[in-house]
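A.B. asks: The C-terminal position of the sequence shown is numbered 1533 in the working numbering, with every residue numbered one higher than the one before it.
Any given hint could be a false lead.
[Unchecked claim] In silico lysine to any residue, SDA-like type, Cα no more than 20 Å apart, as pairs: (1) K1168 / W1142; (2) K1157 / W1142; (3) K1466 / Y1450; (4) K1125 / L1136; (5) K1312 / I1418; (6) K1157 / A1305; (7) K1168 / A1122; (8) K1375 / L1467; (9) K1155 / Q1133; (10) K1125 / H1244; (11) K1312 / H1244.
[Stated by the list, open to error] Label pairs and their calculated CB-CB ranges: (12) A1283 / Q1254: 26 to 36 Å; (13) V1232 / D1188: 15 to 25 Å; (14) P1212 / K1125: 20 to 30 Å.
Hints are computed from structural coordinates only; laboratory data are not their basis.
Glycine included, each C-beta is placed from N, C-alpha and C at the ideal position.
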Amino acid sequence: MESMRGFFILGFAICSFLLYQAWQKDYGPQPQQEINEQFGQSDSVANSKVETDNLIEVVTDVLKVKIDRVGGDVVYAELNNYNRELDSEAEKVVLFDYRDRLYQAKSALLGNGAPDNQLPRASYQAEQKSYQLNAEQDTLDVPLSWTNQEGVEFTKTFKFKRNDYEIGVEYKVNNQSANDRTYNFVAELIRDQKPTGLEEKSSFGMSPFIGVAYSPEERKYEKISFEDIAEEPIDVTRQGGWIGYLQHYFISAWIPEQQEQIKVTSTVKPNQDTIIRFIQPTVSVPAKSEKVIGATLYVGPKILKRLEAAAPGLEKSLDLSWVWWIGLPLYKLMQFFYSFVANWGVAIILVTLVVKALLYPLSAAQYRSMANMRKLAPKMQQLKERYGEDKQRMQQEMMKMYKEEGANPFGGCLPMLLQFPIFIALYYVLFEAVELRHAPFFGWIQDLSVADPYFVLPLLMGGSMWLMQKLQPQSPTMDPMQQKIMSYLPVVFTVFMLFFPAGLVLYWLCNNLISVAQQQYITKKIERQGTVKAKAK
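Using the sequences and the hints given, assemble the complete structure.
C.D. replies: Here is the structure:
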């Protein structure tokens, strides 16, 4: 029963942590009304109005993108492999959008005679209204061209690759004029503060983070809410890095050349539209020469390997909070198992087996302590009958008995304390990993990232907790009221688990069942050893 107290403390700690997260979401700092000034029309990609006649559509195997010929901005991005709803393929996940909201990836070239140095911005010419990556192609280039009054030619090319969410954006400046030219490349992400509609609620009403992220040079990752960035805008200079917007499972990010020294700033408009941008160093294009300037745009899912390959620190946008040092190995281990079994539920079960195997030495100590406590149950009952009215004397006699018998009533606490960060880490993995979004297990469980629709797994988990409780010895120091409260513990945990992601409940159920099996094995082993010793005497 001491062990069940530990479970109660563990459960209380987990629930308190999740409730605190929900409180922060609902009652944290509110938006400030004092808004920063716009970057400046002469230096900003300011106009966001889109005319549908100016759009160029590009379709690859993973993306459907629309580019505005005015300015050459990416104003629409649809992810072909991600359905918006579980049971419908008709509507895909959309990140950038210009229709009933504002979320765009803008890029500009600033300087004397540059295409974005005045309003209205340059209207590029394109060879086609639509482009498609064909089956025999691995790459697709979409060139847009514009020539200024001095005869300087600008070709803005969008480079797509098969099975890739990175879009290369390059300006080729062909300066055939008689004068040297200097330019600055600017990349912006502009977004309203509307919810995406993809923010699936988790347990206790927790919502995923939506907001700005970038890479300070010293940390490589920092996320900032819309409220905080209005109060404290970004203004930093660093080498390389990235800027982006985060939402549940997906990210958009501009990635500069990593050797470049960039200036990162942010702005919040009076209508709450939020901009984060970087500007690259001035590039000189001598007369009668040409030069290429650009950056990379990532728009897609937060898949660890893709993020690691795109930019240093971008993988940290897969936010596993303070338990990342546990969550990241668990995540990679699940990916490893999935590569063999092709089922994320089975991968979770295999991860549970590995975790339990690693914790077995500690668990064995816990179960040996429990088995010893069970053997001492008759003696503890005698002490209770003898000193039941004198609590202090009874405690003294029990501690004396524990010392003589080599028993430790608190021997089971450490394994449960170690399980707390593992539980929280797995919670974040299941909450953040896009691979588990709409990932089926078996039968009625078609999405491991949300709650079991029929509550079967939580009920089974509650039954496994009840079984564990019955196998554990009761402490004679507990009064009837405490015993009654502890008897309700499986019910309390079951209610909590009703709203947890099915994958997390699956882990906890498997953890309990393996614990029961380990406990039975060790208990029987100790009983056999006791029988052998008794016969030897």
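A.B. asks: For the pair supplied as a hint, K1168 and A1122, is the alpha-carbon distance within the 20 Å limit?
C.D. replies: Within the cut-off at roughly 15 Å; holds.
A.B. asks: Just to be sure I understand the hint, the distance between the Cβ atoms of A1283 and Q1254 should be within 26 to 36 Å; is that true here?
C.D. replies: Given about 30 Å between the Cβ atoms, the range holds.
A.B. asks: With the threshold set at 20 Å, check whether the alpha-carbon distance from K1157 to W1142 stays at or below it.
C.D. replies: Roughly 24 Å separates the two Cα atoms, so the pair is violated.
A.B. asks: Between K1125 and H1244, does the CA-CA distance stay at or below 20 Å?
C.D. replies: Given pair K1125, H1244 is violated - Cα atoms ~32 Å apart, limit 20 Å.
A.B. asks: Does the hinted range 15 to 25 Å hold for V1232 and D1188 at CB?
C.D. replies: Distance hint for V1232, D1188 holds at roughly 24 Å.
A.B. asks: Under the criterion that the straight-line Cα-Cα distance not exceed 20 Å, is the pair K1157, A1305 satisfied?
C.D. replies: holds (14 Å)
A.B. asks: The hint says 20 to 30 Å between P1212 and K1125; measuring C-beta to C-beta, is that right?
C.D. replies: violated (41 Å)
A.B. asks: Between K1155 and Q1133, is the straight-line Cα distance small enough, at 20 Å or below?
C.D. replies: holds (13 Å)
A.B. asks: Keeping to a limit of 20 Å between CA atoms, is the pair of K1312 and I1418 held or broken?
C.D. replies: Given that 20 Å is the threshold and the Cα spacing comes to 19 Å, the pair holds.
A.B. asks: Take the C-alpha atoms of K1125 and L1136, compute the straight-line distance between them, and say whether it is at most 20 Å.
C.D. replies: holds (14 Å)
A.B. asks: Please verify whether K1375 and L1467 have alpha carbons no more than 20 Å apart.
C.D. replies: holds (19 Å)
A.B. asks: Quickly compare the C-alpha distance for K1312 and H1244 to 20 Å and report which way the hint goes.
C.D. replies: Roughly 14 Å separates the two Cα atoms, so the pair holds.
The structure fails to meet hints 2, 3, 10, 14 from the earlier list, while all remaining hints are met.
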